[in-house]
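Starting from the known structure of chain A, arrange chains B, C and D on it as the hints suggest.
Number of protein chains: 4
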Amino acid sequence: MNIAMIGLGKMGGNMARRLSRGGANVFGFDVSAETREGLAKEEANFRAFASVPELIAALPTPRVVWLMLPSGDISEAAFTELKTLLAPGDLIIDGANAMYKDSQRHGAELAALNIKFVDAGVSGGVWGLQNGYCLMFGGDKDAAEIATPFMKILAPDATRGWTHTGPAGSGHYTKMLHNGIEYGMMQAFAEGFAMLKAKKEFDLDVAEIAETWRHSSVVRSWLLDLVAESFSHDVELADLNAYVPDSGEGRWSVLESVELGVPAPVMATSLYARFASRGNDDYAMKMLSLMRNAFGGHAMSKK
Amino acid sequence: MNIAMIGLGKMGGNMARRLSRGGANVFGFDVSAETREGLAKEEANFRAFASVPELIAALPTPRVVWLMLPSGDISEAAFTELKTLLAPGDLIIDGANAMYKDSQRHGAELAALNIKFVDAGVSGGVWGLQNGYCLMFGGDKDAAEIATPFMKILAPDATRGWTHTGPAGSGHYTKMLHNGIEYGMMQAFAEGFAMLKAKKEFDLDVAEIAETWRHSSVVRSWLLDLVAESFSHDVELADLNAYVPDSGEGRWSVLESVELGVPAPVMATSLYARFASRGNDDYAMKMLSLMRNAFGGHAMSKK
Amino acid sequence: MNIAMIGLGKMGGNMARRLSRGGANVFGFDVSAETREGLAKEEANFRAFASVPELIAALPTPRVVWLMLPSGDISEAAFTELKTLLAPGDLIIDGANAMYKDSQRHGAELAALNIKFVDAGVSGGVWGLQNGYCLMFGGDKDAAEIATPFMKILAPDATRGWTHTGPAGSGHYTKMLHNGIEYGMMQAFAEGFAMLKAKKEFDLDVAEIAETWRHSSVVRSWLLDLVAESFSHDVELADLNAYVPDSGEGRWSVLESVELGVPAPVMATSLYARFASRGNDDYAMKMLSLMRNAFGGHAMSKK
Amino acid sequence: MNIAMIGLGKMGGNMARRLSRGGANVFGFDVSAETREGLAKEEANFRAFASVPELIAALPTPRVVWLMLPSGDISEAAFTELKTLLAPGDLIIDGANAMYKDSQRHGAELAALNIKFVDAGVSGGVWGLQNGYCLMFGGDKDAAEIATPFMKILAPDATRGWTHTGPAGSGHYTKMLHNGIEYGMMQAFAEGFAMLKAKKEFDLDVAEIAETWRHSSVVRSWLLDLVAESFSHDVELADLNAYVPDSGEGRWSVLESVELGVPAPVMATSLYARFASRGNDDYAMKMLSLMRNAFGGHAMSKK
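Residue numbers (the numbering used here), protein chains in the order written: chain A, 1 to 303; chain B, 1 to 303; chain C, 1 to 303; chain D, 1 to 303.
Here chain A stands alone, though its shape is the one from the complex (with noise of 0.2 Å):
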C-alpha cells in the first residue's frame, strides 16, 4: 500500500502520521525541508522527498497521490504539475477544503488524461491523528474502490466515519455544508455562552455549565467538549481579540444557499458575524450614525 502526501501541515502531517502507522509506505513532500525531513525521522514507513518529481518517479504505479494543500492557487499548480507528471491509471485525491465546482472541473481535466480523481472532504482538524479523521469523498467507483483502503486508515476504524458520496465534487459539497452546520452550532454555543457571561446579576460559572451541558443534555457535542476543555482554562478571554477570520466552506454555503433557493439564515448570519469582528460592517455603521444625526439630532460618536 503506498500513497504519496504532498502538503505536510497541521492536517497533512498527521495524516501522514495515521497512514503510516496504519500500514501504508507514506511518500510525502512538503516545501519545508524541515517539515518532511522531521516526519521522517519520526515515522518508519514515511520517505521524504526533495520535489514532487523525485516523489512521483518513486512511487510505485498505478499511483495514488494525496493533496493537502490550501486551496485555490497552490492547489491549482499542483494539478497543473501532476498532470504532467502521471499516468493514466494514476489516482489524485484532494483533501484540501476546495469549492465543489472546482473538484468537478478537476475531475473533467483529468478524466481526459484518464488520470482517475476522488475530493474528499476531511473533518476532525488537530485530534483526527488520535482520534481519526471523518472522510466524505466523491469520485467514480473505481477511483472510490482505490482509496477506500486508505479511507479506512485515516477513519478512526475501518467501518465508520467515511462514506462515498457520488460522483466528483460530491464530497467536497458535502464537506462545504459539513462546515456550514459547524458555522451555525459555533455561533449558537458563542450567543449563548455570551448571554450567559453577561447576566451579571447570577455571576455564572460558564466553565462549570459547559462542563455539566457535556452529560445528557441535548446540546451536547463534540464542540462543547472542547469549550468545556478550554474554558477550564480560562473563561475571561481577556488576552483575545473579537476578531474572527473565516475561510472558504462558510462563504461557499452561502453563496450555494442562494443558487439553490434554499434559505440558510443561520449559516448567513454567522458567516456575517464574522465578516463584522473584523470591522467590515463599519462603514455601514458609520453611515447609520450619519442618518440617526440627519433625521433626529442624535449625536454621533467621533474619533
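Just so you know, the hints here were simulated from the structure itself, not pulled from any lab data. Backbone N, C-alpha and C define an ideal beta-carbon position, used for all residues, glycine too. Certain hints may be false.
Claimed, not checked - DEER-style ranges, computed between Cβ atoms: (1) E81/D - A77/A: 36 to 46 Å; (2) G72/C - D203/A: 27 to 37 Å; (3) A77/A - A238/B: 54 to 64 Å.
Stated by the list, open to error - Computed list of chain B residues with no C-beta within reach of chain C, every gap over 12 Å: (4) P60; (5) Q104; (6) Q130; (7) D157; (8) A158; (9) E229; (10) E236; (11) E259; (12) L260; (13) G261; (14) V262; (15) N280; (16) D281.
Chains B, C and D in isolation, oriented as in the chain A frame:
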C-alpha cells in the same frame, strides 16, 4: 386654545414653537431655565413657567398637558406629579417614545381619576418645525377630539399626517413599529452603500449615486434625501466611529414580534447590528476564535 | 429519601421512575388516575395519590416537592395550592421550563413563607430515564444541598451532569440559554441537510452522511446521533408537514438578548423560521407581492 | 436622434414611448408582432420591424441599440446576433437587470470588435413612462457621451435621475445594490405592517396608518406611497398567496456581500424570506419537527 408643553428639548421645543406659531397659547416648562426663557423671548404665544405646579395653576381648565420627556423614570415622575395637580376632565398627551404597555397602564391609571389620556407617537425629528410632524395617537374618542386641533397644527397641515389610531396605547404601538421599520430601512441603505463603497474596482461616487436615486428610483425616500444631503459634504466618514446607539423602540419591536409570534428578521438583525457595533458581541466572537483554535489549531488574534 | 413528584407526563413520569429506581421513595400525583396508578404498579418505590393535599399529608417533613408541570397557569396554580399546604422548612423544586423571572418571583414569595425553593432546568428529553438527565439548578445554598442527593440520582451519575448555578432563577436562566443554543444547532443541521437533499445532481444519501458525520467530525453531537437514527428509517419526510411549534425558551432567549443588548442573531433567526413555518409571515409575504405588483407590474400569485 | 429598442415588454415598451415622445426616432423590435405593431400605431416617432436584421439595416450609423430583454439566455442570444450585425463605432446599451460581471464580459467582448457598450441600470418600474426613470450607467467615457442624450429623455428631466457611474459593469453593479436595498426596505415595511395587522386588540386601520406615515414621518418613501394606494383598495389581502418570487438582483447582492466580505444581513434575510415563502425551507422545517420528536417525544404535524 391653550396647551402646556412639559419638556422643551429637541422635540418639545420645536413642537412648542410650531404650536405657538399655529395660534395656540403654549404654557411651557423645562428643567433648564435658559431653554424655557429662551423660548419665551422667541415666541409671542409662549409663556415660560419655573415649575410644573405654577404652570398647571395658570393653565385654564379643562387643561391639555403635553408631555415631551424621555420615557422611563423622568416620564413616570411627571405622571405621578400631574396626578396630584390635574382635575377630572383634564387631558394628558404623552408624546414620548414610550412603550405602549406603559401607555396602556397610564391610560388606565388616569381613567381611574377621570383624567383623559392620549398617547401620541411623533415622527419627523428635527425637521418637524419646518415640515410638520407625523402624528399617530391613541385614546378614547373624547380625549382624541380634544387633542385633534393641536394635532392639526403640528401636522404638515390640517388634513394630513395625523391619525387617531384607536384606544390608549395604540398610538405608541404604531409609533413603535414605525421605528422598527425605520431601523430596517436604515440598515438596508447602510448595507447597500457600504457595498458600493467597498467595490474599489469601480471607485463609485456614492454621493452622486445617492442624489441620482432620489429621482424616480424605487428606493427614493426621505432617508435617502438625508443621505444624499449628508454625502454632499462627506462620503468617507473618516472622523466617525462605527458605534451606533439604539433607543427603546427598535428593541420593543423585536420583543413584540416574539410575543406576537410574527417573524421580524430584518428588525432583529438591524437591532443586533447596532448592539455589535458597540462591542456587545465581543465575548461571542472571542469564543469563536477559541473554538477554531481548539479543533483546528487556528491561530487566535491576541491583544 | 422521600420526594414528591407532581406531574407525571413524559418528563415527570420518567424522572419518578429514575428516582424510585435510584432508591428514593417517590410520592406521585398526576391529574390522570391511569398515569399515576400505572406508575404505582410499575415501580416498587412509588406511591400514587389521588390529590395533592393527600400526598402532602403523607409526605414526611421536611418535605421535598418536585413540580414537573407545564409552566404558566398550571404551574402557578400548583404554587398557590402548595403555599397553603407546605410548612416552613419544606422545599419546592420547580423542574418546569419556566421563565427565570417567574422563578425569581416564586423564590421570593416562598422565602416570605420560609419555604425553600430550587429552580431546576432539566435537559435530556425522553432519553433521560435511560441516560440520566442534565440538571442545572438555582437556589439558596441550603435549598441546593437538600436537592443535591436527588440530582445525583437523576443525573447520569453522581459526579456529572448536574450543577448548582447560583441564586434562585439562575437554573432556569441557564436552561433557557441551553435551549436557545439548541434552537440554533437544530436550525444549522436543518439548513445543512436541506441543502444536501436539494442538490439533485449529486443524489446524496443523507442517512449515510449523517451516520458518517457521527464519527470524528467537528459536528458530531447528540442531535446528529438522533438525526442519523431517524434517517435510518426515512429521509424523505414525505408524510410530515413543514410546521414547527416553539415553546417558551426559544422566545425568552431572544427577549433576553434584547434586554441584555447582546446580539443573538442565530437564536432569533431560528425562532423566526419556526414562526414562518406556521404561516405567521403570510401577511408580510402577501405585502411583498403587493408591492412588487405596484411598482413593477409583476403578477401576484392569487388563490 | 435615432435609437433601436429591442424588447418592448413592460419596461422596454414604455421606454420606447418616452423616448419617442421626447423627440427620438425609435426603431423597435419585439418577438410579439402585436406588441410592436401596437406601439407603431400608437407612437408617431416609433417604427416597428419584423426582425432584428431588418431593424439594424434601417438604423442610421453610428447606431445606438438599446437591449431591454430578460437577462440570461435571451439577452446572450441578442448579443451574439448583434455582434454579427453591428459595425465598429456602434453602441449597445444593455438595460436589462444583468449581473454586472456579465456586463463586464460583454463590454470586453464588444470592445474587441470596436463596438461600444453601456450597461444601464433602470429603476422606476411601470411608473417610469409617467415619472421618468432613474438611470445609473457604466461604460467608457465616449460611449457614455453617446448614451447621455437618451438618458436625459428617459430620466425625470435632463438634470436629474441619471448618472454615469464609471466603467462597464458599474451601472449594473449600482443597480444590483439599488435592488438589494429595495429588498430590505420592502421586507421592513412588510414586517411592520404584518405586526400592526396582527395586533387584534387594537384593530388598527393599516390603510389609514400607511397614508398618515406618508406625511412628515421618517419612513416616508415611494414604496410607502404605493402601499398606501394599494391599501386604499384592500388591506386584508385575502385573495393573495403568501408566495413571493425573487429575481436575480437580490441574489446577486447577497453573493457580492459574501465575495466582498461585507455583512448584508438585512439583504440576506429578506431574500431568504422569499425563498421560504415558496416552500423552499420545507425540508429544513420537517427536520426540526423530526428532531423535536426524537429528543423530546413531541408530536410531529403529519399530513
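Now the hints, each set against the structure:
1. Between E81/D and A77/A the beta carbon distance is about 40 Å. The supplied range of 36 to 46 Å therefore holds.
2. Look at G72/C against D203/A: about 28 Å separates their beta carbons, and that is inside 27 to 37 Å.
3. Taking the beta carbon of each, A77/A and A238/B are about 40 Å apart, not inside 54 to 64 Å as hinted.
4. A cut-off of 12 Å between C-beta atoms confirms that P60/B is not in contact with chain C; the least separation is 43 Å.
5. The Cβ of Q104/B sits about 19 Å from the closest Cβ of chain C, beyond the 12 Å cut-off, so the non-interface label holds.
6. The claim that Q130/B lies off the interface holds: its Cβ sits roughly 29 Å from the closest Cβ of chain C, which is beyond the 12 Å cut-off.
7. Every CB of chain C lies more than 12 Å from the CB of D157/B, the least distance being 26 Å, so the non-interface label holds.
8. Every Cβ of chain C is farther than 12 Å from the Cβ of A158/B; the closest lies at roughly 28 Å, confirming the non-interface assignment.
9. With a cut of 12 Å on Cβ distances, E229/B stays outside the contact zone with chain C, its closest approach being about 24 Å.
10. The Cβ of E236/B sits about 27 Å from the closest Cβ of chain C, beyond the 12 Å cut-off, so the non-interface label holds.
11. Its beta-carbon lying about 8 Å from the closest one in chain C, E259/B breaks the requirement of being farther than 12 Å from that chain.
12. Non-interface status of L260/B relative to chain C is broken: a Cβ of that chain comes within 12 Å, the nearest being about 8 Å off.
13. The Cβ of G261/B sits about 5 Å from the closest Cβ of chain C, inside the 12 Å cut-off, so the non-interface label is violated.
14. Against the 12 Å criterion, V262/B falls within the reach of chain C, whose nearest CB is about 5 Å from its own CB.
15. For N280/B, the non-interface assignment is contradicted: its Cβ lies about 5 Å from the closest Cβ of chain C, within the 12 Å cut-off.
16. The beta carbon of D281/B sits about 5 Å from the closest Cβ of chain C, which is not more than 12 Å, so the claim that it is off the interface is violated.
Hints 3, 11, 12, 13, 14, 15, 16 from the earlier list are contradicted by this structure; the remaining hints agree with it.
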